Structure formats: C-alpha cells, structure tokens
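Chemist: Spelled out, the chains give:
There are 2 protein chains.
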Amino acid sequence: MTTDKKLIAAASALLDAGGEDAVTLRAVGHAVGISHNAPYKHFKDRGALLAAVAMVDFAMLTDAFCGIRQSGAKPTTKLKRALKTVADYGRTHPARYRLLFSNADIAAQGGEIEQAAMMAFAEFAAIVKECQSKQELPDAPNAALSGLIYASMHGLLDLEASGRMRPAKGLSSVGQSVDLLIQLLSPKA
Amino acid sequence: MTTDKKLIAAASALLDAGGEDAVTLRAVGHAVGISHNAPYKHFKDRGALLAAVAMVDFAMLTDAFCGIRQSGAKPTTKLKRALKTVADYGRTHPARYRLLFSNADIAAQGGEIEQAAMMAFAEFAAIVKECQSKQELPDAPNAALSGLIYASMHGLLDLEASGRMRPAKGLSSVGQSVDLLIQLLSPKA
DNA sequence: ACCTGAACACCGTTCAAGT
DNA sequence: ACCTGAACACCGTTCAAGT
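Those protein sequence lines, which keep their order, are chains Z and F.
Each residue of the first sequence is one higher than the one before, starting from 0 at the first, in numbering that gives the first Met the number 0.
Each residue of the second sequence is one higher than the one before, starting from 0 at the first, in numbering that gives the first Met the number 0.
Simulated from the structure, these hints should not be mistaken for lab results.
There may be inaccurate statements among the hints.
Each pair may be met inside one copy or between any two copies, as identical chains are not told apart.
Derived pair list, reagent style SDA-like, types lysine to any residue, alpha-carbon separation capped at 25 Å [as the list claims (entries may be wrong)]:
#, residue 1, residue 2
1, LYS128, GLU159
2, LYS79, LEU183
3, LYS128, ARG165
4, LYS43, GLU122
All figures in this text were calculated on a predicted structure; none of them were measured in a lab.
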C-alpha cells in the first residue's frame, strides 16, 4: 500500500476511534510510522487529508446505493434500504459521516469532493424516482423531493448523534421517524 | 453588567464574527478586558461558557415561539413563521445555531441546557398540535410529528450551512423545501 | 472573591537539512 | 522525491501568587 493510502486509512481509523479531534498529524504520522510533518509531502494540509477520507466514503455510499437500485426489490423497499445504509454508516462512523455531510471546510474544497457527493446523491435520487414512477411517492420535482427526504434523514441523524433525540421528544428512533415520513409522504395513504 | 454576562456577550459576538474556532479564552478575555485565564473564575471551562451562550439563545427561541403561538394567525401560518424564525436565526448566526443543535459537547452537559432545549421544543410542538387540531397536519403522534418536522428543518439548514445545498440538487432554497414538506404533509392536499 | 503571569502539554504549519 | 528535527505561533488548562 502506498503511503498516501496508509495515511488515509490511518486518519479514517482515528476518526472512528476518537472523533475529528483525534486526527492530529502527529497521531496519523505515528500510526503510519513517519514523522508528524511527512504527511505534507502527500497532502496539502490536514484538511486535504480529511477530504481524501471523505472521497473514499462517498464512493462507498455511491456503490451501495447503486447496488440497492439494481436489486430486484420494490421501489419503497429500495428507498428504505438506502436510508438504512446511510443511518448505519452514520451511527457506526459518526465522525466520518460528519465529514461528508456537516463539515463546511470539506465541502468548501469543491472539485473532486463535490463531484463525488453529487454522484452519491444522483444514485439516491434515482431510487426516489423509481418510487415516484410507481406512485409510491408524490409527483413533486425529483431533485427537490430527493433532497428533502435526504435532508430529513440527515437532520434526524445529526440530532441523534449530537444527543438531541431524547425519548421525551417523541423521537424514539431515527428508523421510526423515517418510516413515519415515508408513510406520510405516500400519496392517498 | 456583571463579568459573567460580559463574557457570554463577548463569546456570542466572537461566534458570529469568526465561528467557534474564534472563541478562544484569550480572545474572550481580551474583549472583556481581563486576562485569558480569568474566565475560569466564572465558568468551569470553555465548554461551560459556550453552553451559557446556548442557554441565552434557547430562551430567545422559546420566547419567539411563544409569541408566535399566542398571535392570532392561523395555525399553518404560525408554523411557517416559527420555522422561518429558526431559519433566520440559523443563517444570521450559524456558529451559534450549531451550538444549540449540532454540538455534542453542549448537549452532553445536560441539566439546565437540556431543559432549555426541551422548553423551546415544547413551544414548537404546541404550534404543530394546533395545526393537527385544524386538520392541517396529519393525525400522527404530536411529539413524533413535531420532531420529524423540526429534524427536516434542521437537516436542510445544516446542509445549507455546510455548503451542500447546491442548486443542481434541486434544493434551490431551504424555504422552498420547507414549504414543499408542509404541502406534502397536509392531509388530502 | 477575583485576577494575573508563568508554565505545561498540546496543536498545525514551515523550513533548513539530510538520503 | 521523500523524510526528519527544530522551531514558531498558537491553543486550553493549571497553579502559585497577588489584591
């Protein structure tokens, strides 16, 4: 494995283990067995290394969505699976999820990262479109509806991750809330 | 004004001016005219100072929601106004908004801050309940529906603030997306 | 009670120097 | 081309000392 890949893998592992603050260049360098400033020969700065982690994960999500879309399941099942994929990823790797969907510095780097994000969204939107074709979701503009559904999912996950989904709020779980949303959005239900 | 209040005001201003990273105890102390470690006599640590800022803002949102609820407007108008209040606050003070709704460390402090958050949510839920009573929103459990609507709003705002609401995604604006949500949720529309 | 200055253990980043 | 060690300008936090 090249040093670049090793650095990305180390940063990814540190994100899972201790959150974004744990990803210091000193810790990353130490994990790979090089000095704390050697990463600068592979990435412009700390932000670029984190963006590289995000790139890998966006590609993974795109693949996952694509696999679900090409499966033989019925549209709403595909949608629920796609949303569950996101929820599982967000819960298992909260710091990495935030990198992809909540970190302004990452998005500000534009270019490759923005394209990777748009590819993942396009796959998601394609699944939503299938639901719309089968009249299982309303006839709103596909991008707007897909964005709204994704944003709802994101809001639920972010509130949960930051400890704001208290049972007292009636938000017993992200899964239940998503199911409620899809049910309420279903035409004529 | 007591030193405590001055520190909170200074931290709040620094959040608006330069984001969370700009709120260093050195900068806060300097703004108030004391040394960089004097704040420790008023707040346990940097996190407690930020939590105090969040407390003030939660109370402000609670008041705003309460005022809207007691107005003579029709329920859906109240709901839209409440959501617009949140959107305006989130856009004008993004760093402070994140403190209230995205910062895990703040929520983890529990106690007072959690209670302040729940009071704001209760006011919001009361407005949603009025909409439900007038059959303008579906007959789902109030807390679950309120949480879902708020989470959607939060997801839209967070994605926008972090630079992920590209027009290409069909999410031309948070306002339009919120309107779409309320329209789609309206029974028999 | 409230504040100060020095100090400690960290950061990201830069740079001269090595191979 | 890739790496190292020292250095710089920051942090949050602690502590002894002052009033």
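Chemist: Run every hint past the structure and note whether it holds.
Modeler: Going through the hints against the structure:
1. LYS128 - GLU159: For LYS128 and GLU159, only the inter-copy Cα distance (23 Å) is at most 25 Å; the intra-copy one is 28 Å.
2. LYS79 - LEU183: both (14 Å within a copy, 19 Å between copies)
3. LYS128 - ARG165: This pair counts as between: shortest inter-copy Cα distance 19 Å, intra-copy 33 Å.
4. LYS43 - GLU122: neither (30 Å within a copy, 47 Å between copies)
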